[in-house]
Amino acid sequence: MSTSSATVAGSPPPGAGSSGDINLSKKPRPAESAIKVLLATCALLSALISVGIVAALIDPVIDFFGQVPFGDYFALEGEYGVLPLINATMITTIIALLVAVPLGLGAAMYLSEYASPRARRILKPTVELLAGVPSVVYGFFALAFVTPTLLQDILSLDVGFTNMLAAGLILGVMVIPTIASLAEDSLSAVPMAMRQGSLAMGANRMQTTVRVVFPAALSGIAAAIVLGMSRAIGETMIVTLAAGNIKNFTLDPRDGAQTMTGFIANTAGGENPVGSVDYNMLFAVGMTLFLITLVINMVSIFIVRRYRQAY
Amino acid sequence: MTEATALTGRSKDRNVRSILFLVALWFSLFFGVMVLAVLIIDTAIEGSSRFDAALLTEYASRVRPESTGFRAGILGTVWLMGVTAVLAVPLGIAAAVYFEEFADNRRWYNRVLEVNLQNLAAVPAIVYGLLAVAVMAVLGFSETGTALGGGLALALLILPVIVITTREALRAVPDDIRQGSLALGATVWQTTWRQTLPSSVPGIATGTILGLSRAIGEAAPLIVVGLAGSLRFDPTGVMSPITALPMQIYSLTSQSQEDLRVAASAGIIVLLVMVLSLNALAIVIRNKFQRSW
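Protein chains in written order, with UniProt numbering: chain A, 1 to 311; chain B, 1 to 293.
Extracted from the complex, chain A is given alone in its bound form:
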């Protein structure tokens, strides 16, 4: 690429910029156009991934619904019922959000409203480090420490070897940095004048944070929570390891139950011949998961666009 730019720069075609013609944007620059087309192709290619996802999933999904009626898929019971998986995903996600929303927002408020710039420079990467921990490590931790030591020994809860509670709690820890980081961005974007106005009226820092800055940043905070939720729904390794891999329709978080992602990981790890019902169900659950997160992400983007206050 550097050579092409060098030729364009080094030798402008003599006479191309002749006296009457000063509109340089009309001047033909083949190398420049070629580069632009190349870059646009790359952009299009990366955007085509979502088309690719749908295209990759649609064929096996059609096959699947040819083999299994709709009613058997959206059923609570039976080999092909997806509702127990969705139910388990929802329970682990709710537990995760109960952990991550208060802690993530608390961390965001501290970083944005209380920390000195120097403290923030050190503390923010520390929180973000949590997002860097591989999910298989979190899953192992939930299985090897949270369930036996924390839940069974210290809290003496009657939980199984695998249970949704441990998975949800650790899922929450994993989501904290997503929520904290995005919420901190939107809290920091609230203009200083609003804080100063509040402080000038005699409010203290807590009142300013809770009653002025927090409401002003609400759209960004909502988007952060929604994105955290989609993270929790799509996370695989923690729930595969800690929540168990037996399909189980239950509302009790102390039980083990397989989630949508857990189902995909387990089925894909097994030996299912291409084209079999089980193999195709993999893609049907994948499509369901993709659509659910897609809707959630669109909601998040919509919230930001629609309710963003311009300061």
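Hints are computed from structural coordinates only; laboratory data are not their basis.
Take these hints with a grain of salt, some might be off.
Stated by the list, open to error - Simulated coverage check for chain A against chain B, where a stretch passes if three residues somewhere in it have a Cβ under 8 Å from a Cβ of chain B: (1) 114 to 124; (2) 129 to 140; (3) 257 to 271.
As the list claims (entries may be wrong) - Some residues of chain B that are not near chain A, with every Cβ distance over 12 Å (derived): (4) S61; (5) R64; (6) A205; (7) S254; (8) R286.
Claimed, not checked - Restricting the straight-line Cα-Cα distance to at most 20 Å, the calculated cross-link-like pairs of lysine to aspartate or glutamate (EDC-like) are: (9) A:K36 with B:E101; (10) B:K288 with A:E128; (11) A:K36 with B:D52; (12) A:K36 with B:E258; (13) A:K36 with B:E100; (14) B:K288 with B:E168.
No residue lacks a Cβ here, since even glycine has one placed at the ideal position from N, Cα and C.
Please arrange chain B on chain A, whose structure you already have, making use of the hints.
For chain B alone, coordinates are given in the frame of chain A:
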């Protein structure tokens, strides 16, 4: 009371409720770090008896679980990183350059592409595994569990991350620099190649490293692509069947032998050292080299 404390409202913080509020904020901030500390200490103690050379140089072995190692996984992860970087980094940077420097953001199709990209960043990792399986089938590769298949899944996964962080880095370069270059007669591409891109290298490097460190730790798409849980040979090329460090750890967690669980803990420490040092590198680059105009 100094002027500064009056301005921040700190002087009015001295009642029970605000102090409790501050304590709660402190707790939220350090909760995650506490969990991480417990995780590292607990795992390190569990795996401490296996911090030996065999851990890194031996293949996985069920016959001699006391000296099982992660050689194939570590080499596999290195190969995966290479394939992922080659596939994702040039494509991601080129796409970001197009969006920031060339595309007209008032056009509806460019806005659609942008929303689409935000969406892709939040698609579950395991779905990229399903996509990679389909792409490999379309391209006519029938072998599963290869370095190419795994690298493709991870590249698809981190591509949106690289595009988004590169765009942010390019956006941070002030327009004055572009206009100065254009005013001297440079074309848009010359401006991008000689002024904008060099100034945003630290930001791009940070985003790329963070993307790669995310890819190192992912196991979910690799399971779908069919990577083995353990192998007893080194990878020989992009079409060679491989395993990866997180895959080996995952397969060890379902083993009941005590020695293998200890090995899993030790392997986790190896993985954490790799991932956290990449993260630390990204933070150092961000703090040391990022220019602010």
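Unsatisfied constraints (hint numbers, rising): 7, 8, 11, 12
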